Amino acid sequence: MARPTLLLIDGNSLAFRAFYAMINQVDRFVNSEGLHTNALVAFNNFLDGIVEPFNPDSALVAWDAGKTTFRTGKLDSYKGNRDKTPSELTEQFPYLREMVTLHGIYSYELPNYEADDIIGTTAKEGQAAGYDVTIVTGDRDMLQLVDEHVEVWITKKGVSELEHNDLAMVAEKYDGLTPAQIVDVKGLQGDTSDNYPGVAGIGPKTAIKLIKEYGSIQGLYDHIDELKANKQKEKLVNGKEDAFMSRDLARIRTDAPVTFSLDDLKYKGPDYQGLIKFYQKLDFRQQLAKLANQGHIAGQPDPSADGEQTDQPQANKQKPIQLHPMLLEDVANLPHFSDEISVYIELDDKDYHLGVPVGFVLGNETDGYVVSRDLDLLLSDPVKQLLENSDIAKHVFDAKSIFVVLERYGITLAGVTDDVLLMSYLVDTNDNSNDLGALAQQNDYFDVQTDESVYGKGAKYAIPEDDDVFFNHLGQKARALNVLPKQLLSQLEEREQTDLYKTMELPLSFVLADMEINGIKVDSQQLLAMGTELTQRLHELEQSIYAEAGHEFNIQSPKQLGVVLFEEMGYKPIKKTKTGYSTSVDVLEQMKDVPIVADILEYRKLSKIKATYVDGLLRVIHGSDSKVHTHYIQTLAQTGRLSSTDPNLQNIPARTEEGRLIRKAFIPSEPDWYIVSSDYSQIELRVLAHISGDKNMQAAFNADEDIHADTARRIFHLAPDAEIDPNMRRKAKAVNFGIVYGISDFGLANNIGVSRKEAKEIIDTYFQEYPGIKKWSEDIIEFAREHGYVETLAHRRRYLPDIHAKNFNVRSFAERTAMNTPIQGSAADIIKIAMLHVQKALKDAGMQTRMLLQVHDELIFEVPENELEQVHAMIPKIMDSAMQLDVPLKVSTHEGKSWYDAK
Numbered sequence: 001m002a003r004p005t006l007l008l009i010d011g012n013s014l015a016f017r018a019f020y021a022m023i024n025q026v027d028r029f030v031n032s033e034g035l036h037t038n039a040l041v042a043f044n045n046f047l048d049g050i051v052e053p054f055n056p057d058s059a060l061v062a063w064d065a066g067k068t069t070f071r072t073g074k075l076d077s078y079k080g081n082r083d084k085t086p087s088e089l090t091e092q093f094p095y096l097r098e099m100v101t102l103h104g105i106y107s108y109e110l111p112n113y114e115a116d117d118i119i120g121t122t123a124k125e126g127q128a129a130g131y132d133v134t135i136v137t138g139d140r141d142m143l144q145l146v147d148e149h150v151e152v153w154i155t156k157k158g159v160s161e162l163e164h165n166d167l168a169m170v171a172e173k174y175d176g177l178t179p180a181q182i183v184d185v186k187g188l189q190g191d192t193s194d195n196y197p198g199v200a201g202i203g204p205k206t207a208i209k210l211i212k213e214y215g216s217i218q219g220l221y222d223h224i225d226e227l228k229a230n231k232q233k234e235k236l237v238n239g240k241e242d243a244f245m246s247r248d249l250a251r252i253r254t255d256a257p258v259t260f261s262l263d264d265l266k267y268k269g270p271d272y273q274g275l276i277k278f279y280q281k282l283d284f285r286q287q288l289a290k291l292a293n294q295g296h297i298a299g300q301p302d303p304s305a306d307g308e309q310t311d312q313p314q315a316n317k318q319k320p321i322q323l324h325p326m327l328l329e330d331v332a333n334l335p336h337f338s339d340e341i342s343v344y345i346e347l348d349d350k351d352y353h354l355g356v357p358v359g360f361v362l363g364n365e366t367d368g369y370v371v372s373r374d375l376d377l378l379l380s381d382p383v384k385q386l387l388e389n390s391d392i393a394k395h396v397f398d399a400k401s402i403f404v405v406l407e408r409y410g411i412t413l414a415g416v417t418d419d420v421l422l423m424s425y426l427v428d429t430n431d432n433s434n435d436l437g438a439l440a441q442q443n444d445y446f447d448v449q450t451d452e453s454v455y456g457k458g459a460k461y462a463i464p465e466d467d468d469v470f471f472n473h474l475g476q477k478a479r480a481l482n483v484l485p486k487q488l489l490s491q492l493e494e495r496e497q498t499d500l501y502k503t504m505e506l507p508l509s510f511v512l513a514d515m516e517i518n519g520i521k522v523d524s525q526q527l528l529a530m531g532t533e534l535t536q537r538l539h540e541l542e543q544s545i546y547a548e549a550g551h552e553f554n555i556q557s558p559k560q561l562g563v564v565l566f567e568e569m570g571y572k573p574i575k576k577t578k579t580g581y582s583t584s585v586d587v588l589e590q591m592k593d594v595p596i597v598a599d600i601l602e603y604r605k606l607s608k609i610k611a612t613y614v615d616g617l618l619r620v621i622h623g624s625d626s627k628v629h630t631h632y633i634q635t636l637a638q639t640g641r642l643s644s645t646d647p648n649l650q651n652i653p654a655r656t657e658e659g660r661l662i663r664k665a666f667i668p669s670e671p672d673w674y675i676v677s678s679d680y681s682q683i684e685l686r687v688l689a690h691i692s693g694d695k696n697m698q699a700a701f702n703a704d705e706d707i708h709a710d711t712a713r714r715i716f717h718l719a720p721d722a723e724i725d726p727n728m729r730r731k732a733k734a735v736n737f738g739i740v741y742g743i744s745d746f747g748l749a750n751n752i753g754v755s756r757k758e759a760k761e762i763i764d765t766y767f768q769e770y771p772g773i774k775k776w777s778e779d780i781i782e783f784a785r786e787h788g789y790v791e792t793l794a795h796r797r798r799y800l801p802d803i804h805a806k807n808f809n810v811r812s813f814a815e816r817t818a819m820n821t822p823i824q825g826s827a828a829d830i831i832k833i834a835m836l837h838v839q840k841a842l843k844d845a846g847m848q849t850r851m852l853l854q855v856h857d858e859l860i861f862e863v864p865e866n867e868l869e870q871v872h873a874m875i876p877k878i879m880d881s882a883m884q885l886d887v888p889l890k891v892s893t894h895e896g897k898s899w900y901d902a903k
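Be aware that the sequence shown starts at 1, since it is given in the UniProt record's numbering, and climbs by one per residue.
Honestly, I wouldn't trust all of these hints.
To be verified - No more than 20 Å apart at the CA atoms, straight line, and that leaves these computed lysine to any residue pairs for SDA-like:
1) Lys627 / Pro671
2) Lys760 / Tyr741
3) Lys843 / Ala882
4) Lys627 / Asp351
5) Lys209 / Ala171
6) Lys350 / Asp514
7) Lys610 / Leu541
8) Lys212 / Gly201
Read the hints as simulated data drawn from the structure, not as lab findings.
Predicted, not measured: the structure shown is a model, and the values here were computed from it.
Work out the full structure, taking the sequences as your base and the hints as a guide.
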């Protein structure tokens with residue numbers, strides 16, 4: 001018969017570890033009332049993760065009652081060297097105890113004793129009563145409690161990992177000693193953490209050796225006269241009193257006068273309604289979401305003390321959801337929707353360019369929600385007319401993907417007023433999710449579960465065969481789309497972001513959808529030829545590297561490469577890692593004059609180009625049209641920049657000729673058409689000149705001067721008409737763009753190859769020459785500190801939770817972000833506005849020209865030959881007037897038979 005299990009947790013030890021595991025984020029974890037919660041979050045995660053694997057029948061969390069114990073009575077300085085507990089942790093202790101109780105675990109402290117003594121006493125009693133006892137702690141002193149039915153798990157890396165210790169493992173660590181002998185070892189070696197002395201000059205190895213030989217401290221001193229006269233004996237004789245005292249201080253009591261019985265420790269399981277209220281008080285959204293996904297909904301009625309029902313949040317007062325499961329044959333019964341509806345389509349693939357609908361829902365609270373797996377119903381005329389009716393407002397999640405999917409089936413979605421994905425992203429760019437359930441829960445709506453909770457994850461992902469389960473989930477998604485827009489729109493109005501949403505981001509999603517649907521043609525033969533050439537060059541480099549090394553090895557293995565360079569070839573290591581020699585790019589760049597290293601750098605560069613771009617692009621070309629259809633993501637970059645994936649066209653290299661040659665493969669989809677590129681020139685610096693109001697930088701742009709040459713003359717103290725050589729211009733360019741990103745003197749020194757002192761002098765001179773930029777950078781950081789966010793010119797906000805962080809590096813990064821976001825984000829706003837205006841102009845003019853790609857500050861088009869002149873006249877004019885600044889926007893436009901040639 002299996003023994004019952006007893007779980008004993010060292011509360012104080014784990015609380016401290018939880019706190020310090022997230023110390024760098026202590027100021028990010030603060031609830032609305034100003035309570036720090038970092039230890040609470042980590043401790044809660046620990047409790048959530050500990051119960052299932054250990055499956056306890058009984059459980060206890062023991063706490064220290066205070067600093068004064070029987071041990072301080074024996075030694076005043078016991079633990080006296082420890083720093084004062086941070087106030088940010090002290091304020092969390094009452095809530096930690098409450099949280100433990102709400103998790104169904106007995107919580108206990110005992111005056112004059114430590115948590116160790118409570119655990120030691122309970123472990124002894126539990127083992128005697130027939131329990132298998134598990135102790136979880138961060139204190140290795142607890143290893144003395146290990147026994148036949150007592151094991152100790154020591155926390156590692158905060159509280160996220162545990163190290164198992166049983167009798168065999170203790171014997172291995174202590175050279176065959178028993179757990180009971182650990183106190184004798186501690187008595188000799190002392191403990192700097194607990195501040196008891198041991199015997200001066202006796203370390204851990206000597207202590208273990210002596211206890212192994214004599215069995216105990218008492219046995220050692222019983223035979224002290226037999227020891228040879230030497231310094232060690234002298235230390236032992238002089239330290240006898242300290243040895244016995246330290247042993248007694250190290251010994252965990254197993255007879256503490258606890259006032260509970262083992263029956264009191266029965267594990268009860270969580271009080272979910274209590275936890276929900278507790279999490280709400282602490283603003284624990286993720287934890288509330290987790291409970292919701294387990295079916296524990298916030299605000300479910302609980303009996304109050306007088307037996308009445310407690311108040312419930314509005315989201316849970318809604319009537320039961322009205323679902324209408326339908327097939328194509330039921331289409332005549334489709335409700336008459338005349339006002340607004342929510343629409344959600346579930347696909348069998350995350351790639352919405354390829355995925356097939358496996359279920360859909362549409363409807364509202366008044367008429368109910370139509371749910372179905374029948375694709376033919378979705379494509380039927382009544383549903384098609386409903387989806388294409390612009391007079392019926394649509395609430396959706398990710399309008400772009402739905403538009404792309406429906407367009408593939410001949411349906412043009414119209415009337416979208418609310419895209420919950422976009423709205424939530426704009427409210428707080430830090431909180432974005434591609435899962436409607438997760439996003440709803442981030443916005444305090446918990447009636448809809450995440451897809452992972454319903455469909456599973458990874459290999460276990462599957463659409464439920466049970467219609468009740470599947471349709472209810474779809475229905476709850478549609479209801480969430482009905483509820484959330486009002487709340488989100490209210491927040492957008494408060495932040496003055498309604499125009500940003502309605503006139504920029506929402507219409508842009510349909511422009512991006514058209515671009516994705518169009519795609520861009522890729523010449524696979526060009527890529528294959530390039531791949532063949534790269535393979536040959538890589539082979540030649542391999543042979544050269546092997547010849548220089550004297551043998552073959554795995555060039556891609558950092559470990560093998562480190563051995564070759566720093567052991568076999570004898571080069572001096574620049575940096576080491578935990579696993580050996582560092583062979584990072586930064587390290588190898590410092591050795592690039594060495595022939596083998598130069599070859600390795602070239603090999604790595606060409607390998608990446610081939611694997612990531614040549615082979616990568618070949619994998620994602622659609623066989624039906626020889627095009628790639630990238631996915632633009634509006635809700636990822638916190639600055640508002642667009643990103644792309646499958647493939648990521650934003651990352652195609654532009655600095656090396658090999659990288660640029662990739663662009664040769666991007667060609668027009670029609671014969672006799674051209675690729676046209678329109679690119680903003682120095683848009684971020686122009687934005688900086690505008691928002692900073694710096695007169696010197698504005699004057700340079702308004703005079704159409706080379707801004708980098710102008711900066712070079714200023715920072716290098718040259719005459720206004722002095723010639724600037726390429727190296728000086730390069731350095732000035734690095735300074736200009738470095739300032740945009742809040743670069744330090746250390747970073748600038750590395751970038752332009754000067755001393756840190758020289759870099760600081762350059763930065764100081766820069767700010768003297770451009771005083772408006774200096775003042776603006778100080779003002780924007782102060783604004784961020786005061787308000788917690790910064791804004792772009794279009795009122796896009798980025799919240800900066802680390803702006804008050806105690807950690808210098810974390811806080812400094814937030815300050816640099818405060819400077820960069822208004823610049824980079826405003827540049828992103830400008831090109832988005834330009835895209836909207838260009839698309840409208842092309843449509844209004846009835847032109848065939850298609851906008852294909854947006855890559856940072858560049859727009860790519862395919863243009864028929866007879867429209868080239870019109871495009872060259874129209875598009876730059878639209879782009880440079882997208883937003884009125886105090887300096888002109890400048891656009892350069894080029895054409896060619898490929899993207900490479902359009903430069």
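The hints, checked one at a time:
1. Lys627 / Pro671: Cα-Cα ~15 Å, so holds.
2. Lys760 / Tyr741: Since the Cα atoms of Lys760 and Tyr741 sit roughly 16 Å apart, the hinted pair holds (cutoff 20 Å).
3. Lys843 / Ala882: 17 Å, holds
4. Lys627 / Asp351: 15 Å, holds
5. Lys209 / Ala171: 13 Å, holds
6. Lys350 / Asp514: 19 Å, holds
7. Lys610 / Leu541: 14 Å, holds
8. Lys212 / Gly201: Measuring from Cα to Cα gives roughly 18 Å; hence the hint holds.
Hint check: no violations occur; every hint is consistent with the structure.
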